[in-house]
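Participant: Protein chains in written order, with this note's numbering: chain A, 1 to 671; chain B, 1001 to 1165; chain C, 2001 to 2323.
Simulated from the structure, these hints should not be mistaken for lab results.
Pair by pair, the computed Cβ-Cβ distance ranges are: (1) D208(A) x G2167(C): 52 to 58 Å; (2) P1050(B) x E261(A): 50 to 56 Å; (3) E471(A) x G2094(C): 47 to 53 Å; (4) H1070(B) x E261(A): 33 to 39 Å.
With a straight-line Cα cutoff of 27 Å, these simulated BS3-like cross-link-like pairs (lysine-lysine) come out: (5) K473(A) x K2311(C); (6) K2307(C) x K372(A); (7) K2218(C) x K383(A).
To list a few chain B residues with every Cβ distance to chain A over 12 Å, as calculated: (8) L1106; (9) E1151; (10) R1152; (11) L1153.
Built from N, CA and C at the ideal position, the CB exists for glycine as well.
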Amino acid sequence: MSEKVGVYICHCGSNIAGTVDVVELAKFAGELPGVTVSREYKFMCSSLGQELVAEDIQKQGLTRVVVGACSPHLHEKTFRRACATAGLNPYLMQMASLREQVSWVTEDKALALDKAKAMISGAVRRVQLQEELEPTPVPVNPNTLVVGGGVAGIQAALELADAGYPVFMVEREPSIGGHMAQFDKTFPTLDCSACILTPKMSDVGTHDKITLLSYAEVEEVTGFVGNFHVRIRKRARGVDEKDCTGCGICIEKCPRKVVDEVFEAGMGYRKAIYRPFPQAVPKFPVIDRANCTFYERGTCKACEKFCPTNAIKFDQEDSFLDLDIGNIILATGWDLFDARRLSQFGYGRLANVFTNLEFERLCNAAGPTDGKIVLRDGVTEPKSIALVHCVGSRDKTTNPQCSAVCCMAALKFGHLVMEKTQAEVTSFYIDIRAPHKNYEEFYDRLQDEGMHFVRGRVAEVTDAARRPEEEGKLIVQVEDTLVGKQRRLPFDMVVLMSGLQPRADAKEVGLRFGISCSMDGWFTERHPKLDPVATMTDGIFIAGVCQGPKDIPDSVAQGAAAASRIQGMIARGTVMIEPVVATIHEEHCSGCRICNNLCPFNAIEFLAEKGVSYINAALCKGCGTCVAACPAQAISGAHFNNQQINAEIEGLLYDAVRGNGGAPKPVAVPA
Amino acid sequence: MSDERFEPKIIAFLCNWCSYRAADLAGTARMKYQPNIRSIRVMCSGRVDPSFVLKAFSLGADGVMIAGCHPGECHYLEQNYKAMRRYEMLRHTLLAMGMEDHRLRLQWASAAEGNVLSAAINEMIEQVRALGPLNWPGLWSENGGHQAAIERLPHEHAEALEVTA
Amino acid sequence: MKYSYFPGCSLEKNAASYDVSTRAVASRLGMQFTEIEDWNCCGATEYVSLNLTAAYSLIARNLAQATKNTGLDQVVAPCSACYLNLRKADKVLGQDARLADRVGKALAAGGLSYKPGSLHVRHLLDVLYQDIGLEALTAAVTKPLTGLRVAPYYGCMIVRPSFHNGGEDPEYPISLDKILKALGAEVVDYPMKAHCCGGHMTQISEDTGFEMIRRLIKGADDYQTDVIATICPMCQLNLDGFQGAMNRHFSTNYHIPVLYFTQLIGLAMGMAPKDMGIGDEIVSAAKALTKIGTAVEPEPAGPARRKKDDKSLPMPSRGGGVA
Chain A
1 MSEKVGVYIC HCGSNIAGTV DVVELAKFAG ELPGVTVSRE YKFMCSSLGQ ELVAEDIQKQ
61 GLTRVVVGAC SPHLHEKTFR RACATAGLNP YLMQMASLRE QVSWVTEDKA LALDKAKAMI
121 SGAVRRVQLQ EELEPTPVPV NPNTLVVGGG VAGIQAALEL ADAGYPVFMV EREPSIGGHM
181 AQFDKTFPTL DCSACILTPK MSDVGTHDKI TLLSYAEVEE VTGFVGNFHV RIRKRARGVD
241 EKDCTGCGIC IEKCPRKVVD EVFEAGMGYR KAIYRPFPQA VPKFPVIDRA NCTFYERGTC
301 KACEKFCPTN AIKFDQEDSF LDLDIGNIIL ATGWDLFDAR RLSQFGYGRL ANVFTNLEFE
361 RLCNAAGPTD GKIVLRDGVT EPKSIALVHC VGSRDKTTNP QCSAVCCMAA LKFGHLVMEK
421 TQAEVTSFYI DIRAPHKNYE EFYDRLQDEG MHFVRGRVAE VTDAARRPEE EGKLIVQVED
481 TLVGKQRRLP FDMVVLMSGL QPRADAKEVG LRFGISCSMD GWFTERHPKL DPVATMTDGI
541 FIAGVCQGPK DIPDSVAQGA AAASRIQGMI ARGTVMIEPV VATIHEEHCS GCRICNNLCP
601 FNAIEFLAEK GVSYINAALC KGCGTCVAAC PAQAISGAHF NNQQINAEIE GLLYDAVRGN
661 GGAPKPVAVP A
Chain B
1001 MSDERFEPKI IAFLCNWCSY RAADLAGTAR MKYQPNIRSI RVMCSGRVDP SFVLKAFSLG
1061 ADGVMIAGCH PGECHYLEQN YKAMRRYEML RHTLLAMGME DHRLRLQWAS AAEGNVLSAA
1121 INEMIEQVRA LGPLNWPGLW SENGGHQAAI ERLPHEHAEA LEVTA
Chain C
2001 MKYSYFPGCS LEKNAASYDV STRAVASRLG MQFTEIEDWN CCGATEYVSL NLTAAYSLIA
2061 RNLAQATKNT GLDQVVAPCS ACYLNLRKAD KVLGQDARLA DRVGKALAAG GLSYKPGSLH
2121 VRHLLDVLYQ DIGLEALTAA VTKPLTGLRV APYYGCMIVR PSFHNGGEDP EYPISLDKIL
2181 KALGAEVVDY PMKAHCCGGH MTQISEDTGF EMIRRLIKGA DDYQTDVIAT ICPMCQLNLD
2241 GFQGAMNRHF STNYHIPVLY FTQLIGLAMG MAPKDMGIGD EIVSAAKALT KIGTAVEPEP
2301 AGPARRKKDD KSLPMPSRGG GVA
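Make the full structure from the sequences, and use the hints.
Facilitator: Here you go:
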C-alpha cells in the first residue's frame, strides 16, 4: 500500500530560504518515492500556511505530511493540529528541522542544501511508516495531596479547598508552618511573620475540605496522573487526637527538658512531650520517645497522670492511611546550610557566632529569650553585631547558587537590632540583592537608619586578639574592597547569613514521587522559565523553595499556581495521556523479564500466569529504553518504532556510497 | 579526481529533552558547526538500540554520535545510564570487530549546552575525517587491527573491573 | 611499615631533637626508616623563585636518590618545607614536560634519574595519623600527658590545599589535635593553629616577623597553653628561638615552651625526656612538664543539670571535631 505524502518546505522568511535553496529542495522532495505534493511557502506556521496543508489533505487525499521548517519543539503541535482539523490523524505528520539544525548552523549554502535534502529524505521515509495514534482520556480524581505544610503548601491547600475540592495535607513535623513560623518579622514590610501566617494555618486546621495529617510522611506512591494511590504513615504521637483538648497541662508537668534542635534552631528548650510553638496547628502535642523517661525506664508518666481527658496513649503505634489522589503538590521546603562546614567563621566553636535562623529565634518575642537580643550567655546585650553575607552561598567550594533571601534578611536584622538595642550593626556583603517590590527602598531605608555596610568577603572570624582593643571581642577580618584595605573589625556578636539548601533527603523523596532533582539538588521543574511549578511527571507539581531559593511572595505565588493548574484539570474532569508509549507483543515475549527492571516508572510488570511481561500504558512515559533492550524485539515504541527509525536512517544516508548507491529505493513495508 | 577533501557522514541520535534542545539552542544562537552531521530525534538516549548504530554504519555512515542528558539529569530519571552501559558494550564490540575508536561517540549535553554540543560535533567530524571513510570489510581482513583489538579485550575488562576510590 | 627517610638540613642541627625523637618514636611503633643515601638540601623556599631548573634539579636529586632504596615507594619528611618541596617537585615535574626534560638532563649528568609519580611523598604527621592510626598510638601510651594543655600548631605549609593533604580542612585541620588527644593531653582549641609563623620574616623585617610570632604566642597564652606542639623546624625556631627577642621587642613576658609533637609522643610512650632531646629547647619546657607524671583521674561528669537561673543559650551541637 503506498502513501500519499505532502511535503512543505518553509522559507521562514529568510531564516531558512536565505541559506537553503528552498525551491530546489521542494523540487527534490517532489521526486522522492511516495511524495504526491511538494511545496515551498514563506511561513508555514501562519494560518495561510496551515490552510495549504489542510486543503491538500482534503483535495489531494494526502495520507502523510512532512513539514520542513523550524524545530518540532516550536511547531509540532501547530502542524499536528492543522492535520487533525483537516481530518488526518495528527501522528501522521513529521517535521524536519531545517532551521535550527541546518540553515542557522551551516555557512556553506551548497552543503546546507545537501544536508537539508538528507533531512527531508529521512522524514519522508519515516512518515510513511508512522501509524495513527489516539491519546487516551483518563478521569481525574478531585482529591489533591499537598506534601509539606509551609507557606507554599498552605497557600496551595487553601486555594484548592476554597474552590471546593478535597485536599489532604501531609506534614512531617508535629505542626504546619514550616520555616516561616520560626521567623520574627518579614521583609520589607516588617510584618510579624507568625501574625500573617497563623490565620492561614488556622484556616487549614479548620477547613472542612482539608484533611490535615501532621507528624506524618508519605510512604509510597503508585499510579499516574489523575489516579494516584498514596500510602501515608501517621507516626504515633502518643496522644489520642480524639480525646486531646490541647490544654497543655501535660507539657507543663513534663520534667524532661531537651534542646529543641528543630523549631528553636538549637537555641531553646522544649519538653519531651511538646508542641513546637504555642500557635501550633494542630494543637495536639507529640511525645519525643527518644527523650522520654517512660520509654527509657518505664517511670514518670506525669503527662498521663495529669491529663484531664486520658488522652495520653503510650502504646500508640504508627498507623497507615491509603488514599486515592488525583494530583500531588510537593512543597517540602529547605534545610539551612551547616555553617560548621566553613570553619573559618568559627560557628560551633566561638560562642557568639550565630546563624541567621538562630538569630530569628533570638529576635522572636516567643523565642528562647523573649525577643531580647543577647549573647550566648543569655544575659549580655551586644553593642556591636556583624552580619556576614553569603555563608554557603555564591561559593564554589560549597554552594554556587545565590540563596535569594539572605541580603534582605540581613537588612531586616539590621533594622531589628537598631530597633531593639543600641548596638551598631554592620553587613559584610558581596552584593546587595534587592530585586523585588519595595526591596531596594528597604535597602535605602536601612542606609538612612544608620546600618553600616562593608563590601568584602569575610576571610575569618576569630577570637585571637592582636591589640588590646580586640581583647574579648570577635574579630572579623575582611578586605574592604571599596576602600582597598584589609580590615580587622571587633564585634560582640557575629551572625552568619547561612544559605538555603535542598532538603537532605530531597533526592530520595523525589524518587518516591517519580520526579528528579537537578545537579544542584532542587527539584526539576518542567521548564525553568515557562513552567516552574509542573514537573516532567504529569500530576506531580512543585511549589516553594523546594524548586529553588525564593522569598515568601514567590513561594505563595507558586503554591497558588500549582493549585490553579490542578483546579483546571479537576474542572475538566479528564486528562489526555499521550499515546507515545511502549507495548509488549505477547506472542513474541519469552518472559525473560529483562525489561522489568529497566523502567523507573514501574510501568512494566510480569504476568506470572501468562509468563509474559506487560506494560501499563498509563504509567509509560515513552522513553523507549525497554524497546531497545528487548532481545526478541517484542516491544514496540509507538511513534518511535524500529521500522520508523531505520527508515529515517536510510533516508538520511540516501546519498552515502555504500547505501542505496545514490538512487532512493522503495521503502520497507511495515511488519 | 580533483583534490577533494573527504567529507564524512555522521548520524547523531539526539534525545528530545536535552541534546536535541541543545542542538536547537546552537541553532538559535547561530553557532556554526560543520554540516556533516545528520540528526535523528529520539525521546531518550535509552531508546538507541545498538542495531540502529550498526545499521547506520552499514548504510554508509562514517561515524555515529549518541547524545543524551547528563547522568543524573535524564528526563526519564535514569535511562541515560542504560544508554551509557549499552554504549560501552557496543564500543567494545566494534573495536573487537576491527572498527577504529572515535567512530562511535557518546556525548552528554544539557539543553543549555548548545556550545558544548556544537564543539563536540565539530571535534567528532574532524576525528572521523582524519580516520577516513569507514572501510569495514577491509579493516577486518586486511588491516589485522581486529586481532590486536581482541587481544586487548581482557586487559580492558580488567581495567573496567577496577573501581577507583 | 617501611619508608625512605628524608631528614632535611634542619634536623641535622637546630632541630636535632626532632630527628632524635622521630627515630625513637618510629622504631617503637614498628616503622622502619631507611635514610636516603647522600641526600642534599631541599632548597627551602627561595630557590624556586630564582631558577626553576636548578631548584627542581636540587630537589629531584633527593627523589632520584630515594629510588635507590629498592622496594620503598613511600618517602617521609618530618620538616614541612622539605615535605612541600619534595611533593611539589614530584607534581610539577609530572605536569611540565619541558621542565622535566631539563631536570632529567641535570640528573643524568650525575648518573641519576627520576620518573615523576613513582614515589609517594608524605609528611611525618600524615604517616603517623593515617598509617599508624590513633588506636595504635593510644595503645602505645604508658604515661598519658594528663593535665598538660597542649596547643597543636600546624603552621601554614602542611595545610596548603592544592597538595591534597589527606582531606584535612585547610582552615581547621584536626589530625594533630587528635594525636595529642590520644596521648592523653588536654588539647587547646588553638585559633591560630594554621596561621603562618612568618618564615624568614625575622631576617627581613623584625617588626613584621616578631609581630607574627607575638600573635601566635599570645594566642596560645590566651588559652592557657602549657606547651605548643609543632611539626616544622621553621615554626619551632620562630616560636622558640625568637620568643625572647620578641618579648624584648614588645616588652612582653611570655614563656611558652615549643616542642616537636614527636617529643610529646615519646614522653607519652614512657621514654626519657633526655632521649627525646628535651632540654635542648631555648624556652625551657621543664616547668610545664612537671604537670605530667601525676596521673589525675578526671571526675566522672554527672548528667549536666541546668541551674534554675541559668539563662545561657545552648551551643550548637557539634558533629565531628575533636571534643
